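Asker: Knowing the structure of chain A, use the given hints to seat chain B on it.
Just so you know, the sequences run in chain order A and B.
All residue numbers for the first sequence refer to our numbering, where the first residue is 26 and numbers rise by one.
All residue numbers for the second sequence refer to our numbering, where the first residue is 26 and numbers rise by one.
Be a bit skeptical, because a hint or two may be false.
Same chains, same label: a pair holds when it works inside one copy or across any pair of copies.
Stated by the list, open to error - No farther apart than 25 Å at their CA atoms in a straight line, the calculated lysine to any residue pairs in the SDA-like style are these: (1) 180 - 163; (2) 180 - 47; (3) 164 - 48; (4) 271 - 55; (5) 130 - 118; (6) 130 - 65; (7) 164 - 226; (8) 180 - 52.
Rather than coming from a laboratory, the hints here were simulated on the basis of the structure.
All of these numbers come straight from a predicted model, not from anything done at the bench.
The chain contents come next:
There are 2 protein chains.
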Amino acid sequence: MSFDLQNYLRDRKELIDRGLDRYLPRESRHPEIIHKAVRHSVFAGGKRLRPVLLLAGYELFQDDYKRALGFACAVEMLHTYSLIHDDLPAMDNDDFRRGVASSHKLFGEAIAILAGDALQAEAFGLMARSGLESGFSPKTVLDAISDLADAAGMKGMVSGQALDMETQGKSYSEKELEFIHLHKTGALIRASIVTGARLAGGDEKALAALSGFGLKIGLAFQVADDVLDVKGGESLGKPAGSDQKKKKATYVELFGLNRAKGLAGSLISESLELIRDFGTRGEPLRLLARFMVERVN
Amino acid sequence: MSFDLQNYLRDRKELIDRGLDRYLPRESRHPEIIHKAVRHSVFAGGKRLRPVLLLAGYELFQDDYKRALGFACAVEMLHTYSLIHDDLPAMDNDDFRRGVASSHKLFGEAIAILAGDALQAEAFGLMARSGLESGFSPKTVLDAISDLADAAGMKGMVSGQALDMETQGKSYSEKELEFIHLHKTGALIRASIVTGARLAGGDEKALAALSGFGLKIGLAFQVADDVLDVKGGESLGKPAGSDQKKKKATYVELFGLNRAKGLAGSLISESLELIRDFGTRGEPLRLLARFMVERVN
Numbered sequence: 026m027s028f029d030l031q032n033y034l035r036d037r038k039e040l041i042d043r044g045l046d047r048y049l050p051r052e053s054r055h056p057e058i059i060h061k062a063v064r065h066s067v068f069a070g071g072k073r074l075r076p077v078l079l080l081a082g083y084e085l086f087q088d089d090y091k092r093a094l095g096f097a098c099a100v101e102m103l104h105t106y107s108l109i110h111d112d113l114p115a116m117d118n119d120d121f122r123r124g125v126a127s128s129h130k131l132f133g134e135a136i137a138i139l140a141g142d143a144l145q146a147e148a149f150g151l152m153a154r155s156g157l158e159s160g161f162s163p164k165t166v167l168d169a170i171s172d173l174a175d176a177a178g179m180k181g182m183v184s185g186q187a188l189d190m191e192t193q194g195k196s197y198s199e200k201e202l203e204f205i206h207l208h209k210t211g212a213l214i215r216a217s218i219v220t221g222a223r224l225a226g227g228d229e230k231a232l233a234a235l236s237g238f239g240l241k242i243g244l245a246f247q248v249a250d251d252v253l254d255v256k257g258g259e260s261l262g263k264p265a266g267s268d269q270k271k272k273k274a275t276y277v278e279l280f281g282l283n284r285a286k287g288l289a290g291s292l293i294s295e296s297l298e299l300i301r302d303f304g305t306r307g308e309p310l311r312l313l314a315r316f317m318v319e320r321v322n
Numbered sequence: 026m027s028f029d030l031q032n033y034l035r036d037r038k039e040l041i042d043r044g045l046d047r048y049l050p051r052e053s054r055h056p057e058i059i060h061k062a063v064r065h066s067v068f069a070g071g072k073r074l075r076p077v078l079l080l081a082g083y084e085l086f087q088d089d090y091k092r093a094l095g096f097a098c099a100v101e102m103l104h105t106y107s108l109i110h111d112d113l114p115a116m117d118n119d120d121f122r123r124g125v126a127s128s129h130k131l132f133g134e135a136i137a138i139l140a141g142d143a144l145q146a147e148a149f150g151l152m153a154r155s156g157l158e159s160g161f162s163p164k165t166v167l168d169a170i171s172d173l174a175d176a177a178g179m180k181g182m183v184s185g186q187a188l189d190m191e192t193q194g195k196s197y198s199e200k201e202l203e204f205i206h207l208h209k210t211g212a213l214i215r216a217s218i219v220t221g222a223r224l225a226g227g228d229e230k231a232l233a234a235l236s237g238f239g240l241k242i243g244l245a246f247q248v249a250d251d252v253l254d255v256k257g258g259e260s261l262g263k264p265a266g267s268d269q270k271k272k273k274a275t276y277v278e279l280f281g282l283n284r285a286k287g288l289a290g291s292l293i294s295e296s297l298e299l300i301r302d303f304g305t306r307g308e309p310l311r312l313l314a315r316f317m318v319e320r321v322n
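If we strip away everything but chain A, and leave its shape as in the complex, we get (with noise of 0.2 Å):
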């Protein structure tokens, strides 16, 4: 029986949609409007990619894949973080996130803040707890936390942001734009299948060869994401050429449409040659990989 990823792909976000909410404190805790604005944005219809490829590369190594879940949701939760604040007037200043309200339009730019700042906070304060709970080995799962840390920080997508900042209505190389998106994007995607493969105890070797992967389908995500805004993806819940408008550095404007197509597709191979030895255990993670950029054809 062939592998059905659309039932896989509902399966999961279901299992992954009630962590979070089990994980998140009630709206109705004091104050309300903080607990209020981190649950709107976490459920404002995201596809929990990152959750769902942290518990593919559990599925590597072990079958017991829901032992995993609260690092699954740690991980959506410092997505959502970063979506909210990258958002906020001061950034890309969007106001729809997915066809949604973004949170600085709902509830004011103080309390977005906040509820980015809290769903961080939140994110590690959760890998240590279930991590202890799911009776991980405690240095495991330091290191998890240690390279979930890098990811979301300096070495990652806070620096990313950041150049991206920079770049806007600036003339930029290629060298700058794989900068960004390997560690807007890329960085995040990279740790989240690796941390779910470290937790079900997979090797250096093994861990290596993900990270790779992680990272090259992370840009190639992205690159497709480029691709998108020109066609004016529906998926997106944003209007068409919203990056050219801001001035965005995209590899559409750097290489042309067809030239970023045929990149998004070169690197999906790359990556997929990367995981050659899982065999069908790697099954779950190829389909993913392709899921990700098909979009663009």
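Answerer: For chain B alone, coordinates are given in the frame of chain A:
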């Protein structure tokens, strides 16, 4: 020989400053602006009160306090991140902090938001790494991370700042004011002391006593700050009466100057009662508690 607090504070501050310099990435790293912004705020003249308290909590049980330096620097990073975000135009809109230009004035709002975000990630990564390197039990390190994440997130600082924003310019109750300060200031001070004691092997009873102590001195510190704001203390590095101008909830407005001063004094007396059993090893903590409010008399 009596304990010399000024020497003690100077020694500890030097140690912490050297630690922060070692743990933070160089300014010359790419992209430079984010690394410069992070270092600007971390080295903008803080008293290092929270890390000093963490080391004092450690010294209640063990002598080799330098072993806890990673955690001490991590709580200072959490504190600095919260100051950067509190100063933003969407929050308190402060152009100066301790007489030095605030992050958003020097680097712009986007980079200031990112510098705060980076410091939070860096803090949790440092806890995980230095916890392992210093040879603490990984389980103890995970408990400490979980506690500090609560202190930083929706159970702590974030909720305090959120309610502070919500009550600005409105009428507020004593209960709301206490909630704000216990969460905004008390939570991280409490967690700093408890973390030090936890890493040094303090038992549950000791941690509970220190938790109560930390919340009380945290609240006293904030009451003293409100008093000082009215009196126009130089050490705040901002003009006298700036809380009032912003229509901030303060103890002086609620109680008047004299009753606010009295409250700070009572809180310190109550806090000292809670750590009476620690004998001579508790002396630095006792002097630190008094030091935190003595500025107002």
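Asker: Please go over all the hints and tell whether each is borne out by the structure.
Answerer: Now the hints, each set against the structure:
For the identical chains of this complex, residue 180 and residue 163 are neighbours both inside a copy (24 Å) and across copies (24 Å), given an alpha-carbon limit of 25 Å. Proximity of residue 180 to residue 47 under the C-alpha cut-off of 25 Å is restricted to the inter-copy arrangement: shortest distance 16 Å between copies versus 30 Å within a copy. In this assembly of identical chains, residue 164 and residue 48 lie within 25 Å of each other by CA distance both inside one copy and across copies; the values are 23 Å within and 21 Å between. For the identical chains of this complex, residue 271 and residue 55 are inter-copy neighbours only, at 23 Å across copies versus 38 Å inside a copy, given an alpha-carbon limit of 25 Å.
Proximity of residue 130 to residue 118 under the C-alpha cut-off of 25 Å is found in both arrangements, the shortest distances being 10 Å within a copy and 19 Å between copies. Taking the shortest Cα distances, residue 130 and residue 65 sit within 25 Å of each other inside one copy (12 Å), while across copies they are farther apart (31 Å). For the homomeric pair residue 164 and residue 226, the shortest alpha-carbon distances inside one copy (12 Å) and between copies (19 Å) are both at most 25 Å. Within a single copy, residue 180 and residue 52 get their C-alpha atoms only as close as 33 Å, which misses the 25 Å cut-off; across copies the closest is 13 Å, which meets it.
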